[in-house]
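With the sequences and hints as input, model every part of the structure.
These are the residues of each chain, in order.
Number of protein chains: 2
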Amino acid sequence: MTSSSPTGGGPGRPSALAPEIADRLKRSADGLLPAIAQQYDTGEVLMLGWMDDEALHRTLTTGRCTYWSRSRGEYWVKGDTSGHFQWVKSVALDCDADTVLVKVDQVGAACHTGTRTCFDTDVLLADQ
Amino acid sequence: MTSSSPTGGGPGRPSALAPEIADRLKRSADGLLPAIAQQYDTGEVLMLGWMDDEALHRTLTTGRCTYWSRSRGEYWVKGDTSGHFQWVKSVALDCDADTVLVKVDQVGAACHTGTRTCFDTDVLLADQ
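Protein chains in written order, with my numbering: chain A, 7 to 134; chain B, 7 to 134.
Don't take each hint at face value.
For identical chains, the list gives no copy identity; a pair is met inside one copy or between any two copies.
[Unchecked claim] Under the rule of at most 20 Å between Cα atoms (straight-line distance), these lysine to aspartate or glutamate pairs were calculated in the EDC-like manner:
hint	residue 1	residue 2
1	K95	D111
2	K95	D128
3	K32	D102
4	K95	D29
5	K32	D47
6	K95	E50
7	K32	D86
These aren't lab readings, by the way, just hints derived from the structure by calculation.
Written out as structure tokens, the structure is:
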């Protein structure tokens, strides 16, 4: 692990995220924030990923939603492998700066299983 | 801390959650899953809370969204203090069973700051 950069990197990874954002993030013990991806026009909740400071920085500046893969330990531009990009429309933090909401335009399926969202299959309680 | 119950309690807390659900949950190190609350008809993402097995069980069986408060270390029925209940309409797990999506009918403001959602104020990137 490298040390955090002076420009606001999360624990272990340097980042170019603006300090005025980085300074108020409330990260988990592993330096991450949950990031909800929502289809900007239909309102569908597509998936939840994780971002460190640099993933948030890249999401804000590249126009493509970028996560930190906890399983692979690397940055992950959604769509780089599948072509199912998430084009960023807007980004907001929640009231205590520990969660990210990214509104996106999802190309194709958000879920690696091929369904539109990651929440389509495992329904525990149906419409009440 | 008490030990987990044989019926599927998360680390440290007993739970009556059905074993067929509990057995496939992929919890964080502290035994929790992020839970996204979404307004069922408008699609607004209202907030993100955290659930352990028992909070999920209560959400599924009481009709009111129930979280585990990480800061207070106790169960938290949304609305018990504020009156801003979240009436549960549907509950789903994501494709790898580590995130919950609860569609609710939100009474009043979801956010403790008084805004409708927790994502209304801190916009990092506006509509592109």
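Right, here's what the structure says about each hint:
| no. | hint | verdict |
| --- | --- | --- |
| 1 | K95 with D111 | within (7 Å within a copy, 26 Å between copies) |
| 2 | K95 with D128 | between (28 Å within a copy, 15 Å between copies) |
| 3 | K32 with D102 | within (7 Å within a copy, 25 Å between copies) |
| 4 | K95 with D29 | neither (24 Å within a copy, 37 Å between copies) |
| 5 | K32 with D47 | neither (29 Å within a copy, 30 Å between copies) |
| 6 | K95 with E50 | both (14 Å within a copy, 15 Å between copies) |
| 7 | K32 with D86 | neither (28 Å within a copy, 26 Å between copies) |
Hints 4, 5, 7, counting from the list given before, are not met by this structure.
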